[in-house]
Amino acid sequence: MDLYEYQGKELFARFGIPVSEGRLATTPEQARDAAAELGGTVVVKAQVLTGGRGKAGGIQLAQTPEEAEARASEILGMDIRGHAVRKVWVEGASDIAREYYLSIAFDRSAKKPLFMFTTQGGVDIEEVAESNPDALVRLHVDPLEGYHPWHGRRLVYGAGVADPSEQKQIAAIVEKLYAAFTASEAMLAEINPLIVTTDGEVRALDSKFTVDDNALFRHPDLAELHDVDAADPLEALAREKGVTYVKLDGEVGVLGNGAGLTMATVDVVTFAGGRPADFCDLGGGGDAQGVVDALEVITRDPQVRSIFFNIFGGITRCDEVARGILQALDRMGIEQPIVVRLDGTNAEEGRALLRDADASNVHTEATMLEGARRAVELAMAG
Amino acid sequence: MAILVDNDTRLVVQGLTGSEGRFHGLRNRDYGTNVVAGVTPGKGGQDVEGIPVFHTVAEAVAEAGANTTMVFVPAAFAADAMYEAIDAGVGTVICITEGVPAHEMLKIHAFLRGSGVTLIGPNCPGALSPGKANVGIIPGEIFREGGIGLVSRSGTLTYQIGHEITQLGLGNSTIVGIGGDPVVGSSFVDILERFEADSQTEYVVMVGEIGGDEEEKAAQFIESHMTKPVVAYIAGFTAPPGKTMGHAGAIISGSAGTAQAKKEALEARGIRVGMTPTEAAEIVAEIARS
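Listed in order, the protein sequences are those of chains A and B.
With this note's numbering, you'll find the first sequence wraps up at 382, consecutive numbering, no jumps.
With this note's numbering, you'll find the second sequence wraps up at 672, consecutive numbering, no jumps.
The hints are simulated quantities; they were obtained by calculation from the structure and are not laboratory data.
What you are looking at is a predicted structure, and each value in this text was computed from that prediction instead of being measured.
Just so it is clear, CB atoms sit at the ideal spot from N, CA and C, and this is done for glycine as well.
Keep in mind that a hint or two might mislead.
To be verified - FRET-style restraints, in silico, Cβ to Cβ:
#1 D134(A) - H437(B): 30 to 40 angstroms
#2 A381(A) - S606(B): 34 to 44 angstroms
#3 S606(B) - D358(A): 20 to 30 angstroms
#4 K425(B) - D221(A): 30 to 40 angstroms
#5 R651(B) - R355(A): 39 to 49 angstroms
#6 L144(A) - A638(B): 35 to 45 angstroms
#7 S109(A) - R651(B): 48 to 58 angstroms
#8 R86(A) - K610(B): 50 to 60 angstroms
To be verified - Derived pair list, reagent style SDA-like, types lysine to any residue, alpha-carbon separation capped at 20 angstroms:
#9 K599(B) - R81(A)
#10 K208(A) - K489(B)
#11 K625(B) - T50(A)
#12 K489(B) - D213(A)
#13 K247(A) - T626(B)
#14 K625(B) - I80(A)
#15 K208(A) - T626(B)
#16 K625(B) - E175(A)
#17 K489(B) - M78(A)
#18 K625(B) - D232(A)
#19 K625(B) - V228(A)
#20 K112(A) - E649(B)
#21 K112(A) - K599(B)
#22 K625(B) - T244(A)
#23 K112(A) - F493(B)
#24 K489(B) - T50(A)
#25 K625(B) - A231(A)
#26 K208(A) - A129(A)
#27 K489(B) - A84(A)
#28 K112(A) - K489(B)
#29 K625(B) - A84(A)
#30 K208(A) - S635(B)
#31 K489(B) - G146(A)
#32 K112(A) - G496(B)
#33 K625(B) - H83(A)
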């Protein structure tokens, strides 16, 4: 789960990382009041879970509360890379002398947290890594050893920070960022830019923070920050129903059991000349109700012209899946053709149930490949 | 021979008295696996259809001679269960549980170093050596004994490919699901190393997917350390970047972790890659015939 900039900064502040004072606003009037309270020049920043806000015009300076109101009314409702802006963060403008970059990420290849620090901040870090790799200091932390002050020293001296006051401030932020990263069970905690003000003060000017979904059960305070409205409406509905669903952009609704098989099904549908409408994983123990729920989500997508069920029963029993399909047909009156391929546990029983029901829009196919081809054909015909 | 699980496996099931643990524990026993104990704190002294239950893994090792464990406890308790098993001296830990926090796995992975214990999973279907032992949730009836080692990050996709291989009249030495999480106990390389050393295994099928760089590391290992042929399949050629495809580990981040990059890394080292499960099975059959 990704946090918004303002949520990440609030988290930083809790761990003692210096940030600018700011307020959240969902209307231009709130932005004006926030600017008045903060006083002086403010920055109005779009809150969206994607990059490229600056280029899209989602970050604007305002000298007065009235100007803040005007800028906020431009930014609110803006579409940034498919994300609608519904909130802005208004904070006091900073006098920036230098911009650095600091992050700690979950390095799955090394199986350790990885610090990255450079004095060439404010830009795309992948560019720095490519054009000037020596300027980027990388340092792993052994998860059992945890953080020690030498980690901070290695980063600060390694990147060539010369000013003693800066060295001290940055080392302290490094330690606090590690604490925020581990205590929140994050996959990424990034400060870009980490600024030095003209007064020599080091502060986090932005935040990118991703929390491990699997750990949310023991961080209710973080789980609460999840913004249901930010997700695609179909993905939100799926989440509510406990269905693993990722919206794609085509016409063939894809439903499988298990992430790997469903991913392979999305591939095979594409190779057969079709465009998958979604990735929908029934999961391990999919019962009839799970199938009904999944079909409800998939058929809510107006682009869907055919549906392909690709099931290899293990824990999932094919007869349960067949029952779910028939129940959904009964209750929802699905018009799109449904192609069903069943193999594995109770496949015979499942196929028999479908055969006996003799529904006009249900087609069974013997293999994954044949099923995909049929579903693509039907999507094109429909 | 086969790897990880065989006729010498003496299995303890952590969470045997839960509904899932019981169902699959008994199913593993029906397959022929020697299930010697269950562990549920507070239920020591009971039994599940004749399988004795202990309070702790240490007791299961001391009194029932368990040498392998299957962890089937809820995600919130899985890390504790894995540490307990490692400490009790069980040689092989197979964790089926889904949803174990990634930071827990970082620590467990570091804790394992040098312990000599093999951890498979979490979030995996387990390991099956056809005709010998089944530990986990892989449906045993769709596989038969043979010379193909199968290693995969996914469950049902493994069944799909195994099924296609079986349809072609071939069989497996061992099928290992290593799990779909960002950090798992054993990597492709760990399992490939065992297949290379296993006398029953003639060649290997590796089933990967988008995310991470384990397939790329495997490609290097195969080139420098393996004499047996390896065929690969990668799921997710058409997956969009930035979206997690069901498995926590299956995400394309930036330009890293794409199926195409993995395919190229493998093919550059002479490893053939099927674009669909069917194509992968056909390549296997072709190798088997030659």
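Going through the hints against the structure:
no., hint, verdict
1, D134(A) - H437(B): 30 to 40 angstroms, "violated (56 angstroms)"
2, A381(A) - S606(B): 34 to 44 angstroms, "violated (51 angstroms)"
3, S606(B) - D358(A): 20 to 30 angstroms, "violated (58 angstroms)"
4, K425(B) - D221(A): 30 to 40 angstroms, "holds (34 angstroms)"
5, R651(B) - R355(A): 39 to 49 angstroms, "holds (47 angstroms)"
6, L144(A) - A638(B): 35 to 45 angstroms, "violated (26 angstroms)"
7, S109(A) - R651(B): 48 to 58 angstroms, "violated (18 angstroms)"
8, R86(A) - K610(B): 50 to 60 angstroms, "holds (56 angstroms)"
9, K599(B) - R81(A), "violated (34 angstroms)"
10, K208(A) - K489(B), "violated (24 angstroms)"
11, K625(B) - T50(A), "holds (13 angstroms)"
12, K489(B) - D213(A), "holds (18 angstroms)"
13, K247(A) - T626(B), "holds (11 angstroms)"
14, K625(B) - I80(A), "holds (17 angstroms)"
15, K208(A) - T626(B), "holds (18 angstroms)"
16, K625(B) - E175(A), "violated (31 angstroms)"
17, K489(B) - M78(A), "violated (43 angstroms)"
18, K625(B) - D232(A), "holds (12 angstroms)"
19, K625(B) - V228(A), "holds (17 angstroms)"
20, K112(A) - E649(B), "violated (29 angstroms)"
21, K112(A) - K599(B), "holds (17 angstroms)"
22, K625(B) - T244(A), "holds (12 angstroms)"
23, K112(A) - F493(B), "holds (12 angstroms)"
24, K489(B) - T50(A), "violated (30 angstroms)"
25, K625(B) - A231(A), "holds (12 angstroms)"
26, K208(A) - A129(A), "holds (18 angstroms)"
27, K489(B) - A84(A), "violated (39 angstroms)"
28, K112(A) - K489(B), "holds (9 angstroms)"
29, K625(B) - A84(A), "holds (18 angstroms)"
30, K208(A) - S635(B), "holds (15 angstroms)"
31, K489(B) - G146(A), "holds (10 angstroms)"
32, K112(A) - G496(B), "holds (17 angstroms)"
33, K625(B) - H83(A), "holds (15 angstroms)"
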